[in-house]
Structure formats: C-alpha cells, structure tokens
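Let's have the full structure, built from the sequences with the hints guiding it.
Heads up: the sequence lines are chains H and D, in that order. Using our numbering, read the first sequence as starting at 571 and increasing by one per residue. Using our numbering, read the second sequence as starting at 571 and increasing by one per residue.
Check each hint, because a few of them may be wrong.
Any copy will do: because identical chains look the same in the list, a pair fits if it lies in one copy or spans two.
Claimed, not checked - Taking lysine-lysine and the DSBU-like style, the derived pairs with C-alpha atoms no more than 35 Å apart in a straight line are:
#1 Lys674 <-> Lys988
#2 Lys1022 <-> Lys587
#3 Lys829 <-> Lys708
#4 Lys970 <-> Lys953
#5 Lys634 <-> Lys944
#6 Lys1089 <-> Lys600
#7 Lys945 <-> Lys825
#8 Lys970 <-> Lys1022
#9 Lys600 <-> Lys900
#10 Lys917 <-> Lys634
#11 Lys786 <-> Lys1149
#12 Lys655 <-> Lys1035
#13 Lys945 <-> Lys588
#14 Lys1149 <-> Lys600
#15 Lys634 <-> Lys875
#16 Lys1089 <-> Lys708
#17 Lys655 <-> Lys864
If you are wondering where the hints come from, they were derived from the structure by calculation, not from laboratory data.
Protein chains: 2
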Amino acid sequence: MFRTHTCGELRLSDINKKVTLSGWIQRSRKMGGMTFVDLRDRYGITQLVFNQDRNASLCEQANKLGREYVIQITGTVNARSNANKNLPTGEIEIIVEELHLLNKSEVPPFTIEEDTDGGDELRMQYRYLDLRRSCVRKNLELRHKMAFEVRRYLDEQGFLEIETPVLMKSTPEGARDFVVPSRMNPGEFYALPQSPQQFKQLLMVSGFDRYFQIVKCFRDEDLRADRQPEFTQIDCEMSFVEQEDVLNMFEGMAKHLFKYIKNIDYDRPFPRIQYADAMKYYGSDKPDIRFGMKFVEIKDLTEGKNFGVFDNAEYVAGICAEGCAQYTRKQIDDLTEFVKRPQIGAKGLVYVRYEVGGTFKSSVDKFYGQDDLKKWAERFDAKPGDLILILAGKTVQTQKALCELRLEMGNRLGLRSKEDFAPLWVVDFPLLEWDEETQRFYAMHHPFTAPKPEDIPLLETDPGKVRANAYDMVVNGVELGGGSVRIYDSSLQNTMFRILGFNDEQIQSQFGCLINAFKYGAPPHGGLAFGLDRFVSMFAGLDSIRDCIAFPKNNSGRDVMMDAPSPISQDQLDELQLKLNPLEK
Amino acid sequence: MFRTHTCGELRLSDINKKVTLSGWIQRSRKMGGMTFVDLRDRYGITQLVFNQDRNASLCEQANKLGREYVIQITGTVNARSNANKNLPTGEIEIIVEELHLLNKSEVPPFTIEEDTDGGDELRMQYRYLDLRRSCVRKNLELRHKMAFEVRRYLDEQGFLEIETPVLMKSTPEGARDFVVPSRMNPGEFYALPQSPQQFKQLLMVSGFDRYFQIVKCFRDEDLRADRQPEFTQIDCEMSFVEQEDVLNMFEGMAKHLFKYIKNIDYDRPFPRIQYADAMKYYGSDKPDIRFGMKFVEIKDLTEGKNFGVFDNAEYVAGICAEGCAQYTRKQIDDLTEFVKRPQIGAKGLVYVRYEVGGTFKSSVDKFYGQDDLKKWAERFDAKPGDLILILAGKTVQTQKALCELRLEMGNRLGLRSKEDFAPLWVVDFPLLEWDEETQRFYAMHHPFTAPKPEDIPLLETDPGKVRANAYDMVVNGVELGGGSVRIYDSSLQNTMFRILGFNDEQIQSQFGCLINAFKYGAPPHGGLAFGLDRFVSMFAGLDSIRDCIAFPKNNSGRDVMMDAPSPISQDQLDELQLKLNPLEK
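Structure, rendered in structure tokens:
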C-alpha cells in the first residue's frame, strides 16, 4: 500500500502520528522559508509543509513539483496555526520527512478546480482530467450510492436482479435499433435492446414474480440536447399485482432514496393526478408541482365583449402570479417576448393587475370593465396585489405555451428550488394516440399496456377515449419513470393488435416469442422503468444527464476522448461479409 | 394484489387463516371425492384441496384445470393428516372456497420438473418454461444473491461502481470485437467492449482509486463448449496499491462470498503457488488442489537401463494414486486408453504397483528391477498398496497429459466433490509468451502488465524469463478471475511496446487515449476481473455456465427462443449505408 491514510481523513485527534499519503498536487506555494503543498485524492485535500531550515534539499525537491504530479510522502501530523475552516482536514497539516515522486504530469489543458477554465469540448476530450474535479467526481459517487440503495431496497422486497441479453432481436417498431452484424450468421444482425420489455414479460411467464435490472439500453435516435445513445434504466416487473401494488412498491423505492440519499423523510403519500387533469391544470403530463399557479379557464367569462382574440379562441386561460401586481411595463413586455418566442409560439399575452387598492388594470381595459375583471379575478382566486397572465388560442398549443409561462414565472419567483422535491404520480394515461399522418392509432405506451377495465367497451366505439392502467412518476417536472399494467388475456390482446392495425405476420415477427409464451399460462403482471441517469441528475441538481455519466457521448453520438466510432479494417468488414455503401453526395 | 401469501410460506402456525394464493398448477389428482392440486409459485408449492361433498361445482371446476394453468384461490389453512416431510409447506393444505381461473395453458412441450423429459434444444427454445423448473430458478436466485453480496462487500471497502461505455472504440488487438455501425457517422463503427480495461485504467488516472463494475463484456469468438458471446465480469481496479494489496482485497471478497453464500468460514489465507510450480506439480496454471497427487519427476532415476521410451523422453514423471495397487488389468487398460485419446495424446502409460506385501509389479519390469522401482517409490513417497502412474515425452505435452490423468484419477477416487472448495492464487506468471508462428513475443496478460521489479533487467537480455506481477484466482481447477499490477512508468511502458514489436502508429491507434492520459499523472495501480458466470456456476455446482444465465445463446451464438440474430430490412441497411457482401460459395 502506498499510503497509511487518505487525504481526507486526518484530524486534530491524529496529531503527532507518522503517516504516509499519496495523491496529486492540487497547488503549491512558497512563503518565506516554507513550501505549502495541497495534496489531493478522491477523499479530500491535505496540506503538506516543507521547511527550508529543517530540510533544505527536501524543500528544494518540493519546489520542483508541478501541478498534478503524483507523489507519496511520509511525515508527521501537526496542528495548523491558522486552521482552514472550509476543509475537513483544515485543522492539521503534515510536516513532510520523505518525498517520493511517483509520476510527473504535463501541464493539464484546464485547471482541476470547481470553476475550471476549460470549455465543454476540451473537458470532454480530456474527460479523465475533468473527472478529477470534485464536483464531477461527486456526481459519480452519488450515482454509485443511488444504484446501491435501489438494489438494497428491491432486494429487501424480494426482487431478483436478472440479466437479460444485450445481443437480442431487432424489431422495427419503436425507435431505431442499433444493430450488430453476426459473423457466425452472415447477413444476420443482433439488435441492442431499447429496453428489456419482452424479456421481463417472459420472466413473468417464467414465474419470477419480482424482477428488476439496472441495465444499459440503446436508442439510435438523432440526439436532442439531453439524450445519450446509451442510457441506464432501472427496469422492474411484478406478477400477481394490480396498478395500486406497483405504485406503492415504487413509491416506496423513491421514498427510500429520498431518505437514504437526501436525508428527506417523505412520509405522505405521493399526490396522484389523472393525465386529463395534468393537462387541464398544468398543460403538461409531467407537471412541476413545487408551486401552484394552476391554469384557470375563463373562456366563458370573456365572451360577447367584442374582443376578437378571445372570441375567436378555442381556449382562454391563465395563471395568477401572487404578489406580482407591481410588475413593471418592462417586466410584462419581457414575458410577452418570452411567450412569443417561436419555440413557445403564443401570439401575445394579456395581463390583469389586481392593484393593492382593489381596482384592476389590464391590457384589455378597452373591452372589459372593472366588473368583468372582478369576475375573472374571483375565478382565479386572486387577491389584491396579484397579477393575472392570460393566453388564448387553440387548446393544445395554448396549454403548452401557458405551461412554459407558468414554469418561467416559477423560476422568476424562486419557486423551483433544486433542494425541494415534489414527486407525484400521473395516472390514467390514454391507451392510444391518433396519428394524423398515418391515420392510425399507436399505443401510447406499448401494445401490451392494459386498458382500464371499465373502459374496455369503448375500445370498439371510441378507442381514443380509452384510458390505460399506465402511470408515470414525475418529480419537479421531470418524468423519472413510467410503466403500465400489462394485458395477459389473449383475446383482449388480439383486440388491441387489431385496433393498432397489426397483421398476423407483423405480430409474429415483432412479438412472436412473447405471444407464444403467453399461451402457457401468463400471470397478471405490470411494471415500470426509471431512467437512472435522470434520477441521479435530479438528485445532483444537474441540468443535464451528461455530468452524471462517466464517459458520455456528444450530440453526434461521438466519444471524443476515445475517438469512437471509427473506421474498421477491410478484414473486419470481409469477415462480417459487409461492404460500405456510402450515399452519393 | 392477487394473493395474501406465497405458495412457500404457510405453516402449521397459520392454521385456520383465510388466505388467497395465486400460482401455476404443478399437478392435480383425484382421490375418491377429493381433488388435490399442487399450486406452485417462485417460493414453493402448496397443496389445495377441493371436496366433492362440500362444494361439488367448485370441485368440478377444479377437475377441469390443466397443468400450468394460472389460478387464484381463496381458502382456509388446514393441518394435513399425512404431512409431506419433503415440502416446507408439507404440514398444511388449503381447503379451497373460491377459485378464479386467471389464465389457461396449452400442454407444455416438456414437464416442469427437476427431472424434465425435455432435451436441451427444446428447453432452450422454450426457455421461459425451462426457467419455471426450480433447479433452474435456483441458479438465477443464487446469481442475484452473489452479485448483491459482491456489491455489498466492495461498497463496504469504499469501491465505487462506475458504468463505462458499451459503445466504444474497436481495437484490432486481442479477440475479435463485435462492431456496431453508426448511422450518424456513416462508415464508422463502435465496438462492444471485450473488457472495460482501458476505461478502468483511465478512471485510475482520474483518481477514482477503488473502482468496480459488474458488466457485460463481448467476444466474437468461435464458441467452445462453455463460452458465450456475451458474458458478465466483476471488473475491479485500485490505485496506490501493490500486488499484495490487490490479492488481500479480493481474497476478502471470495471469503465474503464463501461465508454469506455457502456458509463456509474460510479463515486461512488462500495458498499461493508460483506459475512455474503450478506447471511443475500440476501441469496446469489452474490446478485443482482439492486433492494431492502432485507430479513427481523421475527422469534421472530411469536412465541407463535401455528403456528407449524413457531414455528418449525429455520428461518422465508420474503421480501416485494412494491405495490403488489393487487396480485390475482392465482398470489400468482403461486409464491407458484414456491417456491415448487424441485430445490427451500420450503414447502410453507406465504403471508400478507397490504391492501390499512390499514388492513391486510394473509394466516395465523387463528394464527395471525391484531396487530401481524402490527408488522411484521413495521419490513418490509411495506406500505399500499405492499405484504409480508414469508418462514420458516432450515436457509441455506430457505435463498436460499427466494433468488430465491426475484429474481423471481424482474423479475416480471421489476426490473432487462439488461441495468442497479449494481456492488458491497462482502468481508470478511469465510476462511474455513467445509465438513461434509470428516469431514475436506477445503479452501473456496485456501490454500494461508490470514486470516484477527484480526481473526488469532481464527484459533486455532474456525477455521470456521475465515474470509479471500478474495473478489468477483458481478454485477447483477453474480460473475464476485474474489480473495484474499495471505499468505506470512511461519509459518502462515504451520498453514493453518495443519488445512487443509495436510501432508508434499501432500504439497510438490502439492505446492512444490511455497513453496520452498517462502523461498527466498516472498513479500506481492494479486490478483484476472475475467471470461472474463461472463464479456462479462454481457455487451452483453446474458443469456449464449456461444454466446460470437466464437467456443463453447456443454454440452458433443464436438465441433460439427469440430467433436472433435475424435479417434486417433493406431500409435499415440503407440508413446505415451498408450492403451485404456474401462470400462466393
């Protein structure tokens, strides 16, 4: 062992101990006849002292050490005359007696500090140096701890972690698969799993009634800002359960994580909200309920006053921003600009100031008198001093825009602290989504999702109205996980396939194995999957999942550090019996 | 919830409780006016009773249930008049009051019993039914438990589990990579990791001084009997350590598993044996030391007696089988046939019977007298009643053949019980292996493996003699894991590359990122990797790793259940800008 202690553990109680430490040189400074070196490892920073008077040659050696050199020292723990209260080891220092240079370092391309001078691209290229920064390291420590606690909880609940294949069968439905050519079976390909969905349902058929797996999944999608081609899921499935059982089990898991990771005792039940209400009150199927400001619809109150914008709108609704009546013209103009941005797409913003004195001032005073505005304010439950912000237009678009405005107001009013966690379940999702382009229904979740029993008759008469036993866990406006109870009755399954427009051949090629398995006694079952990357970045307070992944890829799916993907040799192609076939440019 | 209890938990203490159970029908039998049904789930089997007199229609319903039907019942726990001592639930039965058929089952293609009538191929095709058999299920339960205990131990030791990329860079060295065409980067490919070797060394450079990962790895090899294209490793690395520290840490892990999985307190240190001695005494770098029967060399004692076979042999050695002097001619002929099998390849077998009376009888009596044989016997430490078996020939081949003979004798003498575990470390592996065909040295482990410091001078004069700080953990003749201390000094690394015949371009393309990272302060580090599949099958007493994998592939790398790999669509190929290029037949 190259050390007796880590750089994070020595305290005043260790005074006069002879210790050996190893680590990297964070910084070093000369002051008079003394050289002070901050030695860093994964556990912390310890100050080393070299004394010119005491040992000139050792001090001289120390003066030659550069940033990020790796050294081993032996010395004696000493109380510091002026303690550094910011450092757990700040009350001690090491009077160095022996010094071994373990390895030199070139000058790193950016500083290894919380506030580094390295840009994103440079840090990705030298990710192994970026990972030395304690803020990045802490994210991976958190990730380890969260995965460990997930396993501990699920193990205690009788779940078995079962590994499913990475080399599996390609199915054209869903997102695009990554494929892997098979050398032993030329012309054939494996696919990397988008999720172990079919395998976990097969495991239920096998009788493994509580399965989970923390597992890499893959999607060959054009990468949006916060997507990665490979990502990690906490994938779970249970048998002999109803929706209520699944929700309770995984609400328990989330509470376990709140408790053991964030030290938060969340003892109330998670609120549950129907999908329809989430859309109605928040314009989103993943509402951020850290704050109120629910949507209030006032279309009926606005009619007949010759205000064309409202009269011609399908939907008129707004939010009430408490205590914001004093917002300046400039502030309101800013908000108007905000909602008019192309990605939000509102035509304009109507405001009503409920002045502290009890009167109203609005941008539509021409059309609506004090009495009208009073009625609006009553519906909004507004008080003097509040500001009402209103949008109008087509229902779905306007709800989306109002959702963005609500979140923006939440930000402006400081109602979205990363230290607060507001979890909830969104339930009763629609079973099917109509696609205008292909003029057919698609399964909103997947084709095995069970409809709510009371909605089954609607399958034949009004499929779009059928609600599913599907659910999402949402925290602070982020969907951390979701799933459904599955169909296990084969005639209901056939109805589903018919409504989705699958023919027998498609069913067989995409789900053949599972459909066949279901003939041999499938139990009632259901489950869900959480995105581990998102869960960790939520707990870490990160804006992107990238910083909780050790070696992430960029938006072109490249690992710029390793330089992957890369060309392969002609021999490799020949063995795979493949040929490049570049598109004509 | 479809049940109040599982089928494995009810006992005499639950008598008269009203319970609801769900599960599969294992078997059912009619006896007089009673129908008995064995209901099975993951946790066990519970007997259900339907009484014709008490409830005729319910009993009739029960009589219609087939094997593997899924049912839910409610009833009352009753003491059994004749308890079944083989079943944990054997003292109770359930008098059924309600019965719900949850799902029917077709007749399964083989019986769901320990001793099934299904052949290998059929069971693989219907793996989801094979997994219902309790002997198969238990292997996966064991696997879950072992992985969990590995994580618990390593977490307690301060290791962080860090996920490394599955989509990485292809490197031509080593076994063949599986590759993944990149749609976003046409003409370029990712590779699936054969091991996260470079990533874990990068993590050491990053300062994560204790890393592990239970991780899928991939090798596109022609599959031998007990290989899988995807397999799972317990991959580990530590910084600021010497070989001794790594061995102690992971000996601790193995002991933790012995204790918490097998209830074995293994409190002695694991024996350590040098590679050279392993070859000398066992003819194998993974000796099975559950029993002795070490090799004894007698070439010097055999010379000058005109026995050409021995005189012309480079190597003459044997083993002493205690108490086997009474072996019949037939038994010895069997052993001779055994060593002459082509896969073993010995020319013949010489035996010496040390008769109980103190005289010797051998197959070479023509050449060697009683005095000669006595000297041999003394060297073998043989006693009257023992049988000495001798092979001769070229050293390496003969050692291999003698190794097989020793294991065979161990089997015949019942010295290789699956309930005994004899772990050891094999250390001091050669650093380099000479390859006759290409006339160059190859790294026996990998090019970053550190030579023993005292052997470094030999690198220039006699590289084949250099020993490495490399080690394997072997249990019962199976290599469960292995690793090495790594080179962290760049000039030593350059010497290594030169000896291995790498040019700069090869170094850069294969190890560029790591070599570059090493410029920024690499700490001393080392590690190892265990094969989880092998570890589990060792603990489960299995002959193949296949049965501890939920969904294994066959020897052609096919998943016969899912039918993967399979052709993909022309659209998929076009998007990847690839073309099939079948070999002319």
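Evaluated hints:
1. Lys674 <-> Lys988: neither (40 Å within a copy, 50 Å between copies)
2. Lys1022 <-> Lys587: So Lys1022 and Lys587 pass the 35 Å test across copies only (32 Å; inside, 68 Å).
3. Lys829 <-> Lys708: both (18 Å within a copy, 33 Å between copies)
4. Lys970 <-> Lys953: Intra 26 Å, inter 91 Å, cutoff 35 Å: intra-copy only.
5. Lys634 <-> Lys944: neither (76 Å within a copy, 70 Å between copies)
6. Lys1089 <-> Lys600: Between copies only: 26 Å across chains, 78 Å inside a chain, cut-off 35 Å.
7. Lys945 <-> Lys825: Result: close neither inside a copy nor across copies, 42 Å intra and 75 Å inter.
8. Lys970 <-> Lys1022: Only inside one copy: Lys970 and Lys1022 sit 27 Å apart there, 66 Å across copies, limit 35 Å.
9. Lys600 <-> Lys900: neither (53 Å within a copy, 86 Å between copies)
10. Lys917 <-> Lys634: neither (65 Å within a copy, 67 Å between copies)
11. Lys786 <-> Lys1149: both (29 Å within a copy, 28 Å between copies)
12. Lys655 <-> Lys1035: neither (62 Å within a copy, 55 Å between copies)
13. Lys945 <-> Lys588: neither (78 Å within a copy, 59 Å between copies)
14. Lys1149 <-> Lys600: neither (62 Å within a copy, 65 Å between copies)
15. Lys634 <-> Lys875: neither (82 Å within a copy, 72 Å between copies)
16. Lys1089 <-> Lys708: Between copies only: 24 Å across, 49 Å inside.
17. Lys655 <-> Lys864: neither (45 Å within a copy, 63 Å between copies)
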